[in-house]
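Colleague: Sequence lines, in order, name chains A and B. Sequential numbering from 1 applies to the first sequence in UniProt numbering. Sequential numbering from 1 applies to the second sequence in UniProt numbering.
Incorrect hints may have been included.
Since the list can't tell identical chains apart, any single copy or any two copies may satisfy a pair.
Below, a list of computed lysine to any residue pairs in the SDA-like style, where the Cα atoms sit at most 20 Å apart [stated by the list, open to error]: (1) 464 x 452; (2) 139 x 339; (3) 238 x 86; (4) 238 x 108; (5) 238 x 104; (6) 139 x 98; (7) 411 x 108; (8) 464 x 65; (9) 420 x 328; (10) 358 x 183; (11) 358 x 169; (12) 59 x 9; (13) 358 x 105.
Read the hints as simulated data drawn from the structure, not as lab findings.
Letter by letter, the chains look like this.
Number of protein chains: 2
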Amino acid sequence: MNTNDAFLEDAATLLGPRGFTRDAELLEPWLTDWRGRFTGKALGLASPSSTDEVAAFVKLCARYAVPIVPQGGNSGMSGGATPDASGEAVLLSLRRMDAVREMDADAMQVTCEAGFILQNLHELAEKHRLRFPLTLGGKGSATIGGLISTNAGGTQVLRHGTMRAQVLGLEAVMADGSVLDTLTPLKKDNRGFDLKQLLIGSEGTLGIVTAATLRLLPEIGGRRVVWAGLPSLQHARKLLLHCETQAGDALEGFEAVPAHSLAAVLDHMPDARAPLDGEHAWHALIELVAATGATDALQELTETLLGEALEADLLEDAVIAANETQSEAFWLLRDSIAPAERAIGPAMQHDISVPVAKMADFVEAISPEVEQQFPGTKAVAFGHLGDGNVHFHVLAPAGATRGEWERSEGKTISAYVHDKVTEWGGSISAEHGIGQIKRDELGRLGDPTSLAVMRAVKQALDPKDLLNPGKLVPLADSHATP
Amino acid sequence: MNTNDAFLEDAATLLGPRGFTRDAELLEPWLTDWRGRFTGKALGLASPSSTDEVAAFVKLCARYAVPIVPQGGNSGMSGGATPDASGEAVLLSLRRMDAVREMDADAMQVTCEAGFILQNLHELAEKHRLRFPLTLGGKGSATIGGLISTNAGGTQVLRHGTMRAQVLGLEAVMADGSVLDTLTPLKKDNRGFDLKQLLIGSEGTLGIVTAATLRLLPEIGGRRVVWAGLPSLQHARKLLLHCETQAGDALEGFEAVPAHSLAAVLDHMPDARAPLDGEHAWHALIELVAATGATDALQELTETLLGEALEADLLEDAVIAANETQSEAFWLLRDSIAPAERAIGPAMQHDISVPVAKMADFVEAISPEVEQQFPGTKAVAFGHLGDGNVHFHVLAPAGATRGEWERSEGKTISAYVHDKVTEWGGSISAEHGIGQIKRDELGRLGDPTSLAVMRAVKQALDPKDLLNPGKLVPLADSHATP
């Protein structure tokens, strides 16, 4: 019996038929990322049902030197949960570990396992008149473990921070199968390095998150969703500052949408309607919220805020959603930009951030540069202006062939955009992570000291390079490659 | 010329007479921690004036294998900035690096060097009608670098978090003299491990913080400081919940003070007056704040809150400070507890946390146990109830000799308290850090996986063990020692 066969036999014995399979049909959906950009192979699919099983399985993998690719909902943006083509790795799905271990409504905390799905967390919190303040398009499949491993963002980061800010404690299985347990939520704890922080956002390369204690917030009493038309992105920036000053903590979200993106969405969704009648170069989607018991003042706050903004020429026109249905409709327009832009034709997408104050300048300076450098392309930026984070898409020239264009032109365009972002002191991955899609770019553009420290930490905690190898951490010689 | 002499000559050449000294008189104040519990020796005192000089000096130390003890204001609580008795290490003071590199009032951010003093930061922020939301007793000497390295807490953590929450970016010199630069503040950045988080709270054992970008907040428009008398600590817990529910973000601080501590302060400061006339077993010091433009409602909120609390029997009596002078006087009572308790006689002090909801139970359960276990002692807990963090002092029996009692009884008592805290899922260091004073206890009680990961990270980033050796990271065999 060769080593692989021995490993497979031990894995099957350890996890049982529900916990381990090699059935090609069962594996297939999990071997390609949801965007369809990466496809890999795997020795098998492990689906342990407890932390003990994960720990035992990781020990087994360590013994046989089998690489592990951890996976949650398989809805990541960077191919971080897709194995490579070698077929040497085993997929480790956390989806069966979806229990809520403790819901403490008084303390506004929940401890749940890694496979618990974001939407279910929203519903659980709601039942207790609480809320979990992070959401994103993939909420129906994204798992808590995946959200932690990628330090996910979304549309509420402006006020509530990324996933990092929601994690009070976590449990993870390390490369040797030992279990790191920091689930007890302490508001103050200075017992050495904050290892929890190291694991958050490490994309399964340092340890496998198996459970977490998360903070919850009181439910909101009400919200007002505003759609505003603006002459420029600079106006959006000024409107954002105005909202921050006047509304303070009531400002829950602020998204910027260019005319091109709105038109794309309206083409893509025949039933959708533009919130405003006139033409505007830019749009802002603003959400203001109030606690239960403070909702009366919210309508007035919103109206005053918009009135002042109109008077100060910060906007051209604005409408407050009349009810929840209309609020949802406004948000649906925003959430449909990515698929609508994709339907138009091929595009290179960049999830970038620069300091918030510089984002409008960046988009105005770089968009025409990109379009000049790559004739026929169109640069479209939209998204989380309040976080200094936009999705910067470069659309292919008309007639370009999907797949072919990305392969032939894509890398050059992305490298160009990433160079500019780096020159502006920004990040080439604001919220989507590095995974496999940006690993080489991180190696090319990352701060050499940061890269050296990352490699040293990876080597120290996973000396055999078995935890999600090939993801996130650039190779040591990447600076040397041309 | 022996190695030491060669190192000293190179250090003097590199840093010049202002940057390097061996003058015993100049060294002396920095060789003992401010509490006078640790005294060490040093080869010399390096005071570089720039990050480049720090980097060059660290490289020099690496070449000669000279250990480095970084030091800010020397006002730490755990001996983390005091060298050992061997005299082999060099003191590296960051105090000369006290420049403000950039003050961006619009973005509410400041970038300053490690030696910048907290009180100066408060004053700088004030000039721009902003504030820095972290303060503590040693603000006149504590430096930004020291506050980051110890992840300092204080009395505003309840609302604003520890130092970690204030750091948007940092610059640090690593053990090989390379410079890690994450000063650009990005609200979203998922380029791999968040190394900034690893350095915060690492007490100079992984790198030397040389500068940081910090967040600032809008100045407050006004505050109300309340002193309340309560029958028990359980009432304080309930009152805290009441304040959190009713006042939300307006609640800036919530401190608990037992009758014993207030009496000690009044004895210690003959001019001080008790805020309330009657006798109360416990007291709560509460601060509520409002933004400029919302101060009108603050008095009403405070009165309503207290009225409801009185009606619900959450307190026995309460007074709102009539003006700023009285507000300051109330806070001075709180801030004088530690020196007042020290004046009474020897005591073992423990900076501990448990989950917020459990703190009242913990103090009520453990105090009598300690007093019974160690006859003649008195357990006194006071402090940051809102953070689940109290300073748990065990006072020596009457007549005990200072110094002798701590040496003979102290360790046993502290071990007992730390055992209990650990059983309750708490931390033996909530905000003061580990330094040298708690390193062995962390080794004894720490989660073995956490300790192993900490050691691996330390070994990876400082393989020669030259950065603050002997501090924070427990020795590998500490679990084996009795």
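Colleague: For this structure, which hints from the list above don't hold up?
Modeller: Hints 3, 7, 9 not satisfied by this model.
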